[in-house]
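Make the full structure from the sequences, and use the hints.
Protein chains in written order, with the working numbering: chain U, 7 to 336; chain V, 7 to 336.
To be clear, the hints were calculated from the coordinates, so they are not data collected in a lab. Everything hinted at is true.
Pair ranges (Cβ atoms, derived):
hint: 1; chain 1: U; residue 1: Thr292; chain 2: V; residue 2: Lys108; range: 31 to 39 Å
hint: 2; chain 1: V; residue 1: Glu55; chain 2: U; residue 2: Lys284; range: 49 to 57 Å
hint: 3; chain 1: U; residue 1: Asp63; chain 2: V; residue 2: Arg141; range: 36 to 44 Å
hint: 4; chain 1: V; residue 1: Arg141; chain 2: U; residue 2: Lys284; range: 32 to 40 Å
Computed from a predicted model, the values in this text were never measured in an experiment. Backbone N, C-alpha and C define an ideal beta-carbon position, used for all residues, glycine too.
Protein chains: 2
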Amino acid sequence: MAAEQTHKWIGFDLGGTKMLSKVYDSKFKPLGSNRKKTKAHLGVKSGLERISETIRDALTDAKVDISEIAGIGIGCPGPIDMEKGVILDPPNLGWGEVPMKKRLQQEFDCPVAVANDVDAGVFGEYRFGSAKGVRTVIGVFPGTGIGGGCIYEGSILRGSRCSCVEIGHIPVIPDGPLCGCGQRGCLEAVASRLAVSASVARSSYRGEAPFVQKAAGTDLSLIKSSTLADAIKAGDEVVEQIVRDAARHIGTALAGVIHMISPDVVVLGGGLVEAMPKLFVRDVMTAAQDRVMFAYQDSFKVVAAELGDDAGVLGAAAWAEKMVNGMSSE
Amino acid sequence: MAAEQTHKWIGFDLGGTKMLSKVYDSKFKPLGSNRKKTKAHLGVKSGLERISETIRDALTDAKVDISEIAGIGIGCPGPIDMEKGVILDPPNLGWGEVPMKKRLQQEFDCPVAVANDVDAGVFGEYRFGSAKGVRTVIGVFPGTGIGGGCIYEGSILRGSRCSCVEIGHIPVIPDGPLCGCGQRGCLEAVASRLAVSASVARSSYRGEAPFVQKAAGTDLSLIKSSTLADAIKAGDEVVEQIVRDAARHIGTALAGVIHMISPDVVVLGGGLVEAMPKLFVRDVMTAAQDRVMFAYQDSFKVVAAELGDDAGVLGAAAWAEKMVNGMSSE
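Rendered as structure tokens:
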């Protein structure tokens, strides 16, 4: 146990647009951090160099030497081989397969744990946020897509060769809008921030959403989560309808997840939820309760994530601790 | 470890129509058994007496004294509180809540483990049958309904307060046939043996299935799994079409389960599959492969159960061992 208290941890959150590293003490108090743009288009070699640089700059910011680090945890987008620590060609990086664990272990000479970024975020909420200590947590994070993750009995639920809990690809509308995965009517094609922004842009074009029209015109890239929240406050009723439809679809899809995995707690996170936590928690809960079978009614809670952007980086660091110390850290 | 080798186990499979108990040695070789009708309509008091009687008669058949028994495992229909060992009013018994564990522990003065009957069957296949030793097994058992269960890292996957993996209630046909759960178009309303028999009875009425018409007329209760298999062999093409449609729907629903839990192995069991294992394994596999996302392709196997009716009773006994001996028995 002495080792744990003198050792520090690094968390890393690798996103499609930005990367963030934080250094933590043995109690997971942050000591320093660094953030850079990912610039994924410059390729994998450059990307890996930026990752290393971000870790080194975070160490400098924290005034911590790498020799004090007990492990590095890194959350990465897309499918991951958790055993080997390999990222399996996530579409929003375009780097092909990357042996992340091997690469960082060689460079920093310390243990490295690699997880899916959503799994890392859900693990963060399980250890430090809104889902502490329960047996089963499902995380749902609507963003460009809709990420899902599960913590079961203290560990990330592992699939046969990659992560699982693909909530974004549950079919919700037969013959619905085309999804990035090639199917139609998947949850993320209907209820992600991207899907919501696209619907709102159309309403803006039609003149139904005057606040949005003024704030962002009809460019869906400019219709952020905060724009949607502000538009609802300002009285753009159609925006509220569109956002609530998305929440309802998430709740309906969740009913199927509850029948499958029966979580104690469902954590909703990501920018869209952060901008309107009450609306999402209420509407998702109502829709899920309406759809679950009798035996599952009131068997779960729906809560908003508490850690915001920190969930991923903190969860990754805590996952590294879990992998290095095993059950002794619980 | 010495204790394990001198101790024997009892497995019990409580069904809606019959109950079966077997006594096993420490290596799970069967030593004796007893079987009775459940007669659920006579009520819970009589039912519990018949359960005790069946256990005692199995011990007599095995020439084993109860003092040699290290534990009793019992698989029961419907939702179960596994922690407390309480069966939660399964519709096909109509007994209300039954504190099965407490009751049997008092009577036989030995540890009792209670599990859902499908979970027990999947655990049996995991320990002794067609899914030995993999990290994640999903079991799908089409019968009157369609039961589902999951073994994850050596244990039954537990829901927040009862079992989970309700594969039978995945929606597969929007606005489809009414399901016993109150929803429409659930997998079991479309692809259970009962659903298949109902479709076949209709074809028989229309004169499209001459073998079935001769063998069973139009009474769906007389159209058993073996009738269906024999009809296909005899050339009733419409029967083959109906059965293969059911297998396809199971595969389609399974794709969603694979996206959620990502099993290494899917075990198909129950009478319908036993009568036509090759057809089911092939058609379920094809439909599931067609529907899963690229990252999940070839990530799972589909196999037929190997233990038949024994899976449940053997799995229940092995689950009792697991609960009594914990990880030491693995």
